[in-house]
Amino acid sequence: MITTTGLTKVYRSRGREVTALDGVDLHVREGEVYGVVGQSGAGKSTLIRCVNLLERPTSGTVTVAGQDLTALAGRGLRAGAALREARSHIGMVFQHFNLLSSRTVQSNIELPLEILGLSGQERRRKALDLLDLVGLADKAKAYPGQLSGGQKQRVGIARALAGDPKVLLSDESTSALDPETTRSILQLLRDLNQQLGLTVLLITHEMDVVKTICDSAALMKGGRVVESGTVAELLATPGSELAAELFPVGGEPSGPDRTVVDVTFHGEAATQPVISQLSRTYNVDISILGAAMDTVGGKQVGRMRIELPGRFEENVVPIGFLREQGLQVDVADVHTPAPADALLKEGAK
Amino acid sequence: MQPLLHDACLDTLFMVWWSTLYAVLGGLPLGLLLVLTDRGALLQNVVVNKVLGAVLNLGRSLPFIILIVWLIPFSRAVVGTSIGPSAAVVALAVGAVPFFARLVESSVREVDHGLVEAVQSMGGGTWTIVFKVLLPQALPSLIAGLTTTVITLIGYSAMAGAVGGGGLGNLAITYGYMRHETGLMNITIVLLIVIVTAVQLLGDLVVRRLAGRGGRQAAPVGLRRLLPAQRTPATVPAPRAAAEAEATTAGKAA
Numbered sequence: 001m002i003t004t005t006g007l008t009k010v011y012r013s014r015g016r017e018v019t020a021l022d023g024v025d026l027h028v029r030e031g032e033v034y035g036v037v038g039q040s041g042a043g044k045s046t047l048i049r050c051v052n053l054l055e056r057p058t059s060g061t062v063t064v065a066g067q068d069l070t071a072l073a074g075r076g077l078r079a080g081a082a083l084r085e086a087r088s089h090i091g092m093v094f095q096h097f098n099l100l101s102s103r104t105v106q107s108n109i110e111l112p113l114e115i116l117g118l119s120g121q122e123r124r125r126k127a128l129d130l131l132d133l134v135g136l137a138d139k140a141k142a143y144p145g146q147l148s149g150g151q152k153q154r155v156g157i158a159r160a161l162a163g164d165p166k167v168l169l170s171d172e173s174t175s176a177l178d179p180e181t182t183r184s185i186l187q188l189l190r191d192l193n194q195q196l197g198l199t200v201l202l203i204t205h206e207m208d209v210v211k212t213i214c215d216s217a218a219l220m221k222g223g224r225v226v227e228s229g230t231v232a233e234l235l236a237t238p239g240s241e242l243a244a245e246l247f248p249v250g251g252e253p254s255g256p257d258r259t260v261v262d263v264t265f266h267g268e269a270a271t272q273p274v275i276s277q278l279s280r281t282y283n284v285d286i287s288i289l290g291a292a293m294d295t296v297g298g299k300q301v302g303r304m305r306i307e308l309p310g311r312f313e314e315n316v317v318p319i320g321f322l323r324e325q326g327l328q329v330d331v332a333d334v335h336t337p338a339p340a341d342a343l344l345k346e347g348a349k
Numbered sequence: 350m351q352p353l354l355h356d357a358c359l360d361t362l363f364m365v366w367w368s369t370l371y372a373v374l375g376g377l378p379l380g381l382l383l384v385l386t387d388r389g390a391l392l393q394n395v396v397v398n399k400v401l402g403a404v405l406n407l408g409r410s411l412p413f414i415i416l417i418v419w420l421i422p423f424s425r426a427v428v429g430t431s432i433g434p435s436a437a438v439v440a441l442a443v444g445a446v447p448f449f450a451r452l453v454e455s456s457v458r459e460v461d462h463g464l465v466e467a468v469q470s471m472g473g474g475t476w477t478i479v480f481k482v483l484l485p486q487a488l489p490s491l492i493a494g495l496t497t498t499v500i501t502l503i504g505y506s507a508m509a510g511a512v513g514g515g516g517l518g519n520l521a522i523t524y525g526y527m528r529h530e531t532g533l534m535n536i537t538i539v540l541l542i543v544i545v546t547a548v549q550l551l552g553d554l555v556v557r558r559l560a561g562r563g564g565r566q567a568a569p570v571g572l573r574r575l576l577p578a579q580r581t582p583a584t585v586p587a588p589r590a591a592a593e594a595e596a597t598t599a600g601k602a603a
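Protein sequence lines, in the order shown, are assigned to chains E and P.
Just so you know, we're using my numbering here: the first sequence kicks off at 1 and counts up by one.
Just so you know, we're using my numbering here: the second sequence kicks off at 350 and counts up by one.
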């Protein structure tokens with residue numbers, strides 16, 4: 001639905017060049033919620049703004065719903081009529097809502113419809129329908145200044161949906177909201193994704209957002225996508241940084257001569273009580289040092305750090321049993337207990 | 350004495366009214382153009398921007414009394430005379446256009462760029478952005494700037510009176526100063542104070558009305574500080590009420 005190829009953006013100011021995007025290839029499938037995560041300055045904001053060409057990429061192409069937007073770009077900073085038409089079918093939601101304080105809620109939602117040239121009556125009907133959809137039917141005549149942050153974002157979402165978009169871009173849409181409101185907004189986005197078949201591309205710095213609603217995710221660093229895939233694929237990738245961040249497990253061994261193992265659950269095995277089976281079959285005492293389990297896209301996924309008595313050599317059989325169950329097992333370095341990304345890769349071989 | 354004051358008052362109002370009209374007609378588009386042609390803006394055009402900026406600065410840097418005298422040939426060419434209120438309107442308009450244009454520039458510049466981006470993302474073009482975002486969002490600030498311009502023009506019109514422009518300034522100079530009629534001088538001063546105060550109050554009232562409809566958010570920062578805090582409780586829900594409202598909407602959505 002959204003494809004970028006070799007997307008590059010270089011900012012030039014006073015002779016200095018800053019590469020914000022360095023050849024980004026992104027592919028968002030139709031009907032999925034795709035999250036792009038990364039730290040500030042990783043280029044994710046530039047990326048999403050390049051998707052509807054609010055930011056003109058230096059090179060590379062952006063294709064949305066089969067249409068090459070980079071080919072539509074007008075001269076200079078002004079958008080040509082074709083690009084404006086294409087943009088009106090791509091919804092965008094912003095971190096700071098960007099509602100016009102001089103217009104009522106209803107009038108804010110009517111704005112994109114005014115641009116599309118709908119009649120007053122059609123605009124009114126559509127705006128009220130959309131307000132109903134986001135659960136703010138009673139706020140039509142209120143001004144944005146009278147709403148809470150969560151309500152403002154609902155209006156922002158309703159406004160983004162006015163042009164019947166197939167694609168919704170969300171630029172840190174929950175970053176200015178408290179945790180509870182964030183959950184309700186994410187739930188709304190998930191509902192819209194399922195009810196309307198809306199493809200959602202969102203950028204965020206909150207791993208929780210990805211965990212809550214994303215089908216797929218990409219991690220950006222220094223203007224590049226360093227990892228991407230569905231959440232299950234990422235979990236299945238040994239040493240995946242994104243998986244480790246999504247499901248962080250900590251905990252240090254309780255003493256010497258212990259084997260610390262990180263077990264990753266995804267797919268079928270997640271439904272089996274493997275830990276207690278392991279304990280009963282081999283008569284070993286297992287301590288759970290840390291665990292991060294969740295339901296992502298209807299499947300149970302997660303990671304768990306467990307400790308087995310004795311050195312690695314003594315635990316080859318139980319570890320083999322876990323692998324037989326279809327689990328991914330990584331043995332953590334016992335002598336230098338370190339963060340999850342310092343895992344020994346021997347388990348994967 | 351009364352007909353003198355009456356005529357002078359009307360002359361002053363005549364000069365201020367017409368010069369304000371021209372100031373808005375000229376200053377509003379020029380101020381907008383200044384913002385739109387700036388680097389990185391919608392109609393980025395460095396040449397137009399620099400030339401326009403320089404011309405406006407030139408107009409602003411001349412002391413008004415010099416501007417009037419300098420513009421005498423121009424006034425004569427436009428209205429056929431170099432004395433009287435009509436001639437003064439030409440000089441006042443020329444002086445006020447750059448003044449108002451700069452105020453428009455700063456008002457429009459204050460509009461959150463995020464709003465412009467939001468409308469761009471909906472497919473809005475430059476005209477949509479100007480007429481649906483920049484001007485409506487800057488309106489309270491533009492009205493405040495207009496109030497300042499009108500008051501400045503009242504002052505300038507009195508100055509124009511000193512060089513034969515007519516109006517209250519002319520009256521104060523010719524009768525009050527040259528003929529030592531201190532009483533008349535004092536009356537013109539009181540009249541000027543009354544007019545200026547009335548304009549300021551009217552301007553403030555309109556700004557307050559416009560700012561009030563959007564809750565606190567729309568009020569310019571300076572104004573927000575001046576207004577009593579309890580002005581808005583009727584329109585702004587208490588935090589608890591907001592939280593409840595959010596909770597119910599969340600429930601509905603789920």
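Please note that the accuracy of each hint is not assured.
[As the list claims (entries may be wrong)] Just a few of them, taken from the derived set where beta-carbon distance is under 10 Å, the chain E residues facing chain P:
id, residue
1, Gln67
2, Ala79
3, Ser88
4, Arg159
[As the list claims (entries may be wrong)] Which stretches of chain P does chain E cover? Using the computed rule of at least three CB atoms under 8 Å from a CB of chain E, they are:
id, segment
5, 416-423
6, 457-466
[Unchecked claim] Incomplete in silico selection of chain E near chain P, CB under 10 Å:
id, residue
7, Thr70
8, Ala71
9, Met92
10, His96
11, Leu100
12, Phe312
It should be emphasised that the hints constitute simulated quantities derived from the structure, not laboratory data.
Ideal placement from N, C-alpha and C gives every residue a C-beta, glycine not left out.
Original post:
Given as covered by chain E, does the segment 457-466 of chain P meet the bar of three residues or more with CB within less than 8 Å?
Top reply: Contact hint for the segment 457-466 of chain P vs chain E: holds, 4 residues under 8 Å.
Original post:
Any CB of chain P closer than 10 Å to the CB of Ala79(E)?
Top reply: holds (7 Å)
**OP:** Apply the coverage criterion to the segment 416-423 of chain P and chain E: a residue qualifies when its Cβ sits closer than 8 Å to a Cβ of the chain, and three qualifying residues are needed.
**Re:** As far as the segment 416-423 of chain P goes, the hint is violated, because 0 residues have Cβ atoms under 8 Å from chain E.
Original post:
Hey, does the Leu100(E) contact hint survive, CB to chain P under 10 Å?
Top reply: holds (6 Å)
**OP:** Under 10 Å, Cβ to Cβ, is where Gln67(E) needs to be relative to chain P, so tell me if that hint holds or is violated.
**Re:** Interface hint status for Gln67(E): violated (13 Å vs cutoff 10 Å).
Original post:
Should the interface hint for Phe312(E) be scored as holding, given a Cβ-Cβ cut-off of 10 Å against chain P?
Top reply: With Cβ-Cβ at 47 Å, over 10 Å, it is violated.
Original post:
Would the hint on His96(E) stand, with a C-beta cut-off of 10 Å toward chain P?
Top reply: holds (6 Å)
**OP:** Answer holds if the nearest beta-carbon of chain P is closer than 10 Å to that of Arg159(E); otherwise answer violated.
**Re:** holds (8 Å)
**OP:** For the hint on Met92(E), just tell me whether its beta-carbon gets within less than 10 Å of chain P.
**Re:** Holds, because the Cβ-Cβ distance from Met92(E) to chain P comes to roughly 4 Å (cut-off 10 Å).
Original post:
Once the shortest beta carbon distance from Thr70(E) to chain P is found, is it less than 10 Å?
Top reply: Because about 16 Å separates Thr70(E) from the closest Cβ in chain P, which is outside the 10 Å limit, the hint is violated.
**OP:** Identify whether the interface hint at Ala71(E) stands, where standing means a beta carbon of chain P within less than 10 Å of its own.
**Re:** violated (17 Å)
Original post:
Any CB of chain P closer than 10 Å to the CB of Ser88(E)?
Top reply: Constraint on Ser88(E) satisfied, holds at 3 Å.
Checked against the numbered hints listed earlier, the structure breaks hints 1, 5, 7, 8, 12; every other hint is satisfied.
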